[in-house]
Amino acid sequence: MQEIKKIATGSPWEDIVGYSRAIKIGNIIEISGTTAPGRNEYEQTVAIIENIKKVLEGLDASLDNVIRTRIYCTDITQWEKIGKAHGEYFGKIKPVTSMVEVSKLIDPSILVEIEFSAIVSQ
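Taking this note's numbering, the leading residue of the sequence shown gets 73, the next gets one more, and so forth.
Be careful, since some hints might not be right.
[To be verified] Quick list of in silico lysine-lysine cross-link-like pairs, BS3-like style, CA-CA up to 27 Å:
1) 125 with 176
2) 125 with 156
3) 176 with 164
4) 77 with 126
5) 156 with 176
6) 125 with 164
7) 153 with 164
8) 126 with 156
9) 153 with 125
10) 153 with 176
11) 153 with 126
12) 78 with 153
13) 77 with 125
14) 166 with 153
15) 126 with 164
16) 126 with 166
17) 78 with 126
18) 125 with 166
No lab work stands behind these hints: they were computed from the structure.
Kindly generate the complete structure, drawing on both the sequences and the hints.
Dropping the structure here:
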């Protein structure tokens, strides 16, 4: 059986809801929906990706290993702000992605939430 490595970041939500920020099994990394404070969609997207860079580094990976992002936002008309920030990090990597509008996220100040999937060499 392959080793399963679970990563926690200390977010209060992790214990309340009962989840791991990231799980690595073999060469696959799955990262939970991640949010970050910020004044607008662009700032939140940048902060989320910066936080995930650190999580990936803790798993001997990087943004270059990301193969998929799933973006949830509360106002799809702001897609250009979100897309601009995403493109600044992933413009050359080009993972598959989706961006969908949801009616709300867990806190009214949260405008963007992103999930990540990555694959690393074994």
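Hints and how they fare:
no.	hint	in the structure
1	125 with 176	25 Å, holds
2	125 with 156	17 Å, holds
3	176 with 164	31 Å, violated
4	77 with 126	15 Å, holds
5	156 with 176	22 Å, holds
6	125 with 164	16 Å, holds
7	153 with 164	18 Å, holds
8	126 with 156	21 Å, holds
9	153 with 125	20 Å, holds
10	153 with 176	18 Å, holds
11	153 with 126	23 Å, holds
12	78 with 153	32 Å, violated
13	77 with 125	17 Å, holds
14	166 with 153	17 Å, holds
15	126 with 164	19 Å, holds
16	126 with 166	19 Å, holds
17	78 with 126	14 Å, holds
18	125 with 166	16 Å, holds
Comparing the model with each earlier hint shows violations of hints 3 and 12; every other hint is respected.
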